[in-house]
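Protein chains: 2
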Amino acid sequence: MTKNWEKNIRKVVPYVPGEQPNKANMIKLNTNENPYPPAPGVFGALRAFDTDGLRRYPDPTAHVLVKAIADHYGLEEAQVFVGVGSDDVLAMCFMTFFNSGQPILFPDITYSFYDVWAEEFRIPYQQIPLDEDFQIRPGDYVVENGGIIFPNPNAPTGNLIPLETVEEIVKKNPDVIVIVDEAYIDFGGVSALPLIEKYDNVLVVQTFSKSRSMAGMRIGYAMAQPQLIKYLNDVKYSFNSYTMNPLTITLGAAAVADEVYFQETTKKIIATRERTKAALRELGYVFGDSMSNFLFVTHPALSMEQLFEDLKRKDIYVRHFKRPERIRNYLRISIGTDAEMDILLEALRHYPD
Amino acid sequence: MTKNWEKNIRKVVPYVPGEQPNKANMIKLNTNENPYPPAPGVFGALRAFDTDGLRRYPDPTAHVLVKAIADHYGLEEAQVFVGVGSDDVLAMCFMTFFNSGQPILFPDITYSFYDVWAEEFRIPYQQIPLDEDFQIRPGDYVVENGGIIFPNPNAPTGNLIPLETVEEIVKKNPDVIVIVDEAYIDFGGVSALPLIEKYDNVLVVQTFSKSRSMAGMRIGYAMAQPQLIKYLNDVKYSFNSYTMNPLTITLGAAAVADEVYFQETTKKIIATRERTKAALRELGYVFGDSMSNFLFVTHPALSMEQLFEDLKRKDIYVRHFKRPERIRNYLRISIGTDAEMDILLEALRHYPD
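One line per chain: the protein sequences are A and B, in this order. Going left to right, the first sequence walks through residues 36 to 388 as the working numbering numbers them. Going left to right, the second sequence walks through residues 36 to 388 as the working numbering numbers them.
Hints were generated in silico from the structure; no laboratory data involved. Wrong hints could be hidden among the right ones.
Any copy, or any two copies together, can satisfy a pair, since identical chains are not distinguished.
Said to hold, decoys possible - Only pairs whose alpha carbons sit at most 27 Å apart, straight line, appear in this in silico DSSO-like list of lysine-lysine:
#, residue 1, residue 2
1, Lys303, Lys357
2, Lys207, Lys102
3, Lys206, Lys233
4, Lys63, Lys46
5, Lys206, Lys38
6, Lys207, Lys63
7, Lys302, Lys357
8, Lys302, Lys42
9, Lys58, Lys349
10, Lys303, Lys265
11, Lys233, Lys38
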């Protein structure tokens, strides 16, 4: 029997997070995690941490972490907003900035959370098809809209658009907020960060989950003019004042501090990616020129859905998306260590035999 | 000049978190923190933690923590929802359960976040006046409404209503969701938890911030029938799949594991509270019979606002609320250690001389 209270419940199509297998010898290339551990300073910061202080509320401004990020990018602290992963940051952005009756715009093939947030917050939206090469056509974003968001590089395609194209989209949309989601920018892209000094309606969102090897710690951040950051903080403080715990703040600041390690691991991942591209090309796989820490591949003679299942049986986990239809014969493969990619490539060389 | 994008921004009256002073010798009795450190096992769990694993996403279900809480209360895991502090849990509850056109009901003097969330999520609400003794009158909650929430014990009054009164409110409101916010229940109250087995429309929300000495770690939880927990998880997974980091999960589970320490520290706080009540009564202060870890006091001959400022100058921090008007001559004083309360009492004995 349906109860009366049922009708007041927000019913959403439950978002199902990607599988997080946890086997000893698995090759986990399914969630774009960094194959290298966090910077050594993170371990030291943990060991030095005094748990007695946990009885107290944390600093609601997460000052130490905000300052570390601001200093790193040469910004003022008032230009930086932090949240519990870039998902938290983006959810707050959707709530704060997308409140018109006009649909917000994002690509049809993109981060799968955008339409989930739009549904959850009852924001109208329109998905703009990528072209046949899975590229964003900037001209498509010159229509009346309530805001724009896209990842650069895009996910799950890995395709990067140049800074000039990002600027063109921002410039043509002065009346709405434009969010550039740069989760993967550190793997060879050029950040849109300089645009925040030139345009007051653009936010650049980044994360510690990929290039900083801290997916577990849940740290994302937005950078923009102080006015936008203030609006974001107003909404955030009215949602949950204390989101960042002192361990997150301390370990996050320690991660930012180690530029050498960051450069070193990022370069290694880029090198492994390019080596993997060459090997896959030889095997007849087809893919765009990914500038991220993953490849989005297909093969003219193989079923990617079948390959996904077959690899899984060998404890090699990659990602397959059943929707939208036109990416159904693609796999998203995260870049692991050279050794991990070698095991994958070896399996592919003998596939399907 | 106002930009066009300004009109699409969610404008909220910024919530200002209470001050978090950080002086070496201060007596901090302003945010209801526990004066005792987290259970010893929490320190051990931190020391044993391997930061290398932080490169991976955490378990989105926070299984280890959910199981620890479920086991502790003799519930199924499907009856427990966890979030980033009870503020996160309550914000998700507001979003999930309060979606009718009818106003939700809560007391006029209560946790100051309820109206902030209602404003943020554009939920109509009605504040029901407490009686002249700051007590909830259950009959006031028998009107058409879109949902009900109240803390028990109430904040900042500390007043507890008996389980029968809570049940009366739940029973009279079968068509809406009733949330009992039990942040302070472990300091002498009787939890409404048994009601979740009897009524499918009630949620009980608790936190690690007070009785578990973990305000810094940000852990709150809701307990209810699996159907309500599922609705809550559906909304939460569509907001941010990964909210609980592995340190939070591990340290939280370690805190729940130590029942002896929990009983010991809770009893000490209750004893200190009762001793403080007696001493304050002698000094002419007037207050209700708080069953929480704070007292809500006034004095017929003194200005509490002035006292608040004067204590602050001595580095003794208590909490004063400027609104609503009828609590303006009250102070909320958290229960610290016996030594801390002695310093406060000594200052009061000589006040204002």
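Violations among the numbered hints: 1, 2, 4, 6, 7, 8 and 10
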